[in-house]
Amino acid sequence: MFSALRRFVCRSMGGHELLVDLVNGLTLGAFVHQDYQSDEVVLSREIATDRLLMVLQGRLYDPRCRRIYSRGCLLQPVDFFAADQYQDLIIAKSNCRVLVMTRDEVRRLLSAQSAMTWFFARTLSIERLAARAAGSHP
Amino acid sequence: MTAALRQNAIIDLDQFELFHGEVLFVPKSPITSVFLIEKGSVLIFSSFGQRVLRSMASGQLIGIEDLLSLGWWSGLGVAHGPTRLRSFCAAQLQTCLKQSPESHRALLRELALS
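Protein sequences appear in the order of chains A and B. Residues in the first sequence are numbered from 1 upward in steps of one, following this note's numbering. Residues in the second sequence are numbered from 1 upward in steps of one, following this note's numbering.
Isolated chain A (complex conformation) (with noise of 0.2 Å):
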């Protein structure tokens, strides 16, 4: 069942394309570009959350949750913005492209443009997180 802010956030939001825009307008080349052919694993469990990985193309799977990622979708965000290391395994689907944004240059990304998104998304990432925790994850 969805949580109220979760209501809300679907009511008011896009979708993952407008995540692309998060990265739009910068020189992608500065940022670190990797490769995956099907079936290899993009993230393992308990890598340190250092790094936020977004998919700019090919689709991924996430067997556990049974989640496909697809273009600009990120990869377990809420790991990554609340917690040390990433809880999940990740494999491509297909060959597939992601994007690697180190832990400071995601906040440096997010201050530039918006001065509380990264308070307000590891606010939330707490919460999801303690929401999990408490078997409250839908």
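Since the hints were made in silico from the structure, they are not lab data. Hints may be right or wrong, so weigh each one.
Claimed, not checked - Computed list of lysine to any residue pairs in SDA-like fashion (alpha-carbon distance at most 20 Å, straight line):
1) A:Lys93 - A:Ile126
2) B:Lys28 - B:Lys39
3) B:Lys98 - A:Leu109
4) B:Lys39 - A:Ile126
5) A:Lys93 - A:Arg67
6) B:Lys28 - B:Ser46
7) A:Lys93 - A:Ser114
8) B:Lys98 - A:Ala112
9) B:Lys98 - A:Ser114
10) B:Lys98 - A:Arg67
11) B:Lys98 - A:Ala115
Remember, predicted model here, so these are calculated numbers, not experimental data.
Starting from the structure of chain A, add chain B where the hints point.
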């Protein structure tokens, strides 16, 4: 968290303490402030007080979810043990979020849906 709020000119209104069992907010009352727990904890009960929905501890911010989605408190907040809180202006937080770029709100949406 306090530093982030202050750096962004979100005025902290007050620091105050509650005794064990003191009520911080009641259901359906409008949110004018959100609270950072500096010491102790706050239990949030369902609107009729039958069960505990959340236990919020030191360092956590109370009220963001309700503020963004409802504008009023959905539960009953009660101090659990001696508790020290700092309050921040809710209206300024809302303004700040509304002024953020669309892509940032999409990011927050992604987080809320994760």
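- request: Compare the distance between the alpha carbons of Lys93 (chain A) and Ile126 (chain A) with 20 Å, and conclude whether the hinted pair is satisfied.
  value: 29 Å, violated
field: Restraint status (C-alpha distance of Lys98 (chain B) to Ser114 (chain A) at most 20 Å)
entry: Distance ~10 Å between Lys98 (chain B) and Ser114 (chain A) Cα, so the pair holds.
Restraint status (C-alpha distance of Lys28 (chain B) to Lys39 (chain B) at most 20 Å): Distance of about 26 Å is beyond 20 Å: violated.
Pair hint Lys28 (chain B) and Ser46 (chain B), alpha-carbon separation not exceeding 20 Å: 11 Å, holds
message: For a C-alpha distance cap of 20 Å, please report whether Lys98 (chain B) and Arg67 (chain A) respect it.
response: 30 Å, violated
field: Pair hint outcome, Lys93 (chain A) versus Arg67 (chain A) [Cα-Cα no greater than 20 Å]
entry: This hinted pair holds, its Cα atoms lying about 11 Å apart.
task: Would you mind confirming whether the straight-line C-alpha gap from Lys39 (chain B) to Ile126 (chain A) stays at or under 20 Å?
output: Distance of about 18 Å is within 20 Å: holds.
message: Checking one constraint from the list: CA of Lys98 (chain B) to CA of Ala115 (chain A), max 20 Å. Satisfied?
response: 12 Å, holds
message: So if I understand the rule, the pair passes when the alpha-carbon distance is 20 Å or less; does Lys93 (chain A) with Ser114 (chain A) pass?
response: With Cα atoms ~34 Å apart, Lys93 (chain A) and Ser114 (chain A) exceed 20 Å; violated.
Given hint Leu109 (chain A) paired with Lys98 (chain B) - CA-CA distance at most 20 Å: Judged against 20 Å, a Cα distance of about 18 Å means the pair holds.
- prompt: Holds or violated: are the alpha carbons of Lys98 (chain B) and Ala112 (chain A) at most 20 Å from each other?
  reply: Holds, at roughly 16 Å.
Violated hints for the displayed structure, listed by number in ascending order: 1, 2, 7, 10.
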